[in-house]
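Residue 182 in this note's numbering is what sits at position 182 of the sequence shown, and the numbering runs on without skipping anything.
Simulated from the structure, these hints should not be mistaken for lab results. Each hint should be verified, as a subset may be incorrect.
[As the list claims (entries may be wrong)] Derived Cβ-Cβ restraints for the label pairs, each shown as a range:
no., residue 1, residue 2, range
1, Arg-24, Asp-134, 28 to 34 Å
2, Ala-26, Ala-205, 35 to 41 Å
3, Glu-102, Pro-25, 36 to 42 Å
4, Asp-188, Ala-83, 21 to 27 Å
5, Lys-167, Lys-76, 27 to 33 Å
6, Pro-145, Ser-48, 34 to 40 Å
7, Ile-207, Arg-237, 37 to 43 Å
8, Gln-89, Pro-25, 25 to 31 Å
9, Gln-89, Ala-124, 34 to 40 Å
10, Gly-74, Glu-158, 40 to 46 Å
11, Arg-105, Arg-215, 19 to 25 Å
12, Arg-24, Ala-78, 25 to 31 Å
13, Ala-231, Gly-133, 25 to 31 Å
14, Arg-219, Glu-102, 18 to 24 Å
[Unchecked claim] Below, computed lysine to aspartate or glutamate pairings styled on EDC-like, alpha-carbon distance capped at 20 Å:
no., residue 1, residue 2
15, Lys-76, Glu-107
16, Lys-132, Glu-158
17, Lys-76, Asp-51
18, Lys-9, Glu-102
19, Lys-132, Asp-121
20, Lys-9, Asp-121
21, Lys-9, Glu-107
22, Lys-167, Asp-222
23, Lys-9, Glu-75
24, Lys-9, Asp-81
25, Lys-167, Asp-81
26, Lys-167, Glu-227
27, Lys-167, Glu-199
28, Lys-76, Glu-102
29, Lys-9, Asp-51
30, Lys-167, Asp-121
31, Lys-132, Glu-107
32, Lys-132, Asp-157
On a predicted model such as this, the values are computed, not experimentally measured, just so you know. All residues carry an ideal CB built from backbone N, CA and C; glycine is no exception.
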Amino acid sequence: MTAIPSISKLPAIILAGGLGTRLRPATGDIPKAIVPVAGEPFLNHLLSRLDHAGIRRAICCTGYGAEQIRQTMGEKFANIDLAYSNEDQPLGTAGAISRSAEHWRAEFALVLNGDTLFDLDLPAFLQWTVNKGDIRACLALAPTPGVNRYGSVSTNDEGGITRFEEKGGQSSGWINAGIYLLRRTMLDEFPATRPLSLEVDIFPAFIGNGLYGFRQQGRFLDIGVPEDYRAAEEFVRS
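All chains should be modelled from the sequences, with the hints used to inform the complete structure.
If you want it as structure tokens, here you go:
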């Protein structure tokens, strides 16, 4: 059985380096992670959920607009201590996580995209992962009526991920919800010679080797495009 730390000791790594290029007609040059939603920076809504779940430390991986994000968010949000790991040049999601390693020492970390929200039951997610034994990473999976924008994730009866489908399909399915439980030893698999994406370069290489997907019904929001950004206020208020 895998020993996952208690939620209060589990570091959260927030991938907040996105440019937000597609949002600029609506938000200007504000970094995507702190665009205003219901009168607050988007990260406030993500951190509020983490605080409610019991997370007490978060590391924001920043790139574009790093200083603006830091000045906006500060060193503390509610009961969460905030630290920052900045990349001087784009490292990809895997590279950003690898760089953040100096800020955490736990065997596992919770990794979250800094531009999405998902109604995840975090204790249930962690307990399910514990029961899987020797895992390398576990992805939270959200249902969607159409996977054309995201691509889909297929799992077997035990929850092991068997396939990542490319974007473009029209049928309903399960998508990567942008929340992962990641074992620290996986950082050894991230070569530092070039930018790497978790979703494209790392996760597919571990199919059949400790990579799992946790399916949960719930609402999912990705503010990466203007139409979904416009829906964000209703999402966070409901």
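These are the hints, each one checked on the structure:
1. Checked against the hint of 28 to 34 Å, the C-beta distance between Arg-24 and Asp-134 comes to roughly 44 Å, which is inconsistent with it.
2. Checked against the given bound of 35 to 41 Å, the beta carbons of Ala-26 and Ala-205, roughly 36 Å apart, stay inside it.
3. At about 37 Å, the CB distance of Glu-102 to Pro-25 agrees with the hint of 36 to 42 Å.
4. At roughly 22 Å, the beta carbons of Asp-188 and Ala-83 sit within the given window of 21 to 27 Å.
5. At roughly 38 Å, the beta carbons of Lys-167 and Lys-76 sit outside the given window of 27 to 33 Å.
6. Under the hint 34 to 40 Å, the C-beta atoms of Pro-145 and Ser-48, about 27 Å apart, miss the expected range.
7. A beta carbon spacing of about 38 Å between Ile-207 and Arg-237 agrees with the range 37 to 43 Å that was offered as a hint.
8. A C-beta distance of roughly 26 Å is found between Gln-89 and Pro-25, which places it inside the suggested range of 25 to 31 Å.
9. Against the hinted window of 34 to 40 Å, the Cβ-Cβ separation of Gln-89 and Ala-124 comes to about 38 Å, which satisfies the hint.
10. About 43 Å separates the C-beta atoms of Gly-74 and Glu-158, a value consistent with the hinted range of 40 to 46 Å.
11. Evaluation of the 19 to 25 Å hint for Arg-105 and Arg-215 yields a failure: the beta carbon distance comes to about 31 Å.
12. Evaluation of the 25 to 31 Å hint for Arg-24 and Ala-78 yields a pass: the beta carbon distance comes to about 30 Å.
13. About 39 Å separates the C-beta atoms of Ala-231 and Gly-133, a value inconsistent with the hinted range of 25 to 31 Å.
14. For the pair Arg-219 and Glu-102, the supplied restraint of 18 to 24 Å is violated, since their beta-carbon distance comes to about 34 Å.
15. The straight-line distance between the Cα atoms of Lys-76 and Glu-107 is roughly 23 Å, outside the 20 Å bound, and the hint therefore fails.
16. For the hint pairing Lys-132 with Glu-158, the CA-to-CA distance comes to about 8 Å; that is within 20 Å, so the pair holds.
17. Distance check on the hinted pair: Lys-76 and Asp-51 sit about 11 Å apart at the alpha-carbon level, within 20 Å; holds.
18. For the hint linking Lys-9 to Glu-102, the alpha-carbon distance of about 16 Å falls within 20 Å, and the restraint holds.
19. Our distance criterion of 20 Å between C-alpha atoms is met by Lys-132 and Asp-121, whose separation comes to about 17 Å.
20. Taking the CA atoms of Lys-9 and Asp-121, the gap is about 17 Å. The hint holds against a cut of 20 Å.
21. A distance of roughly 10 Å separates the Cα atoms of Lys-9 and Glu-107; the hinted pair therefore holds under the 20 Å criterion.
22. Only pairs whose Cα atoms come within 20 Å are accepted, and Lys-167 paired with Asp-222 is accepted, the gap being roughly 15 Å.
23. For the hint pairing Lys-9 with Glu-75, the CA-to-CA distance comes to about 18 Å; that is within 20 Å, so the pair holds.
24. Distance check on the hinted pair: Lys-9 and Asp-81 sit about 12 Å apart at the alpha-carbon level, within 20 Å; holds.
25. Between Lys-167 and Asp-81 the alpha-carbon distance is near 36 Å, which puts this suggested pair outside the 20 Å criterion.
26. A threshold of 20 Å between alpha carbons decides the hint, and for Lys-167 with Glu-227 the separation of about 19 Å falls inside it, so the pair holds.
27. Restraint check for Lys-167 and Glu-199: satisfied, since their Cα atoms lie roughly 12 Å apart, inside the 20 Å limit.
28. Among the hinted pairs, Lys-76 with Glu-102 is consistent with the structure: their alpha-carbon atoms are about 19 Å apart, no more than 20 Å.
29. For the suggested pair Lys-9 and Asp-51, the alpha carbons sit about 12 Å apart, so the restraint of at most 20 Å is met.
30. Straight-line distance between C-alpha atoms of Lys-167 and Asp-121 comes to about 26 Å, which puts the hinted pair past the 20 Å bound.
31. Proximity of Lys-132 to Glu-107 is assessed by CA-CA distance (about 16 Å); at most 20 Å being required, the pair is judged to hold.
32. This hinted pair checks out: Lys-132 and Asp-157 have alpha carbons roughly 12 Å apart, not beyond 20 Å.
In summary, the structure is inconsistent with hints 1, 5, 6, 11, 13, 14, 15, 25 and 30 from the numbered list given earlier, while agreeing with the others.
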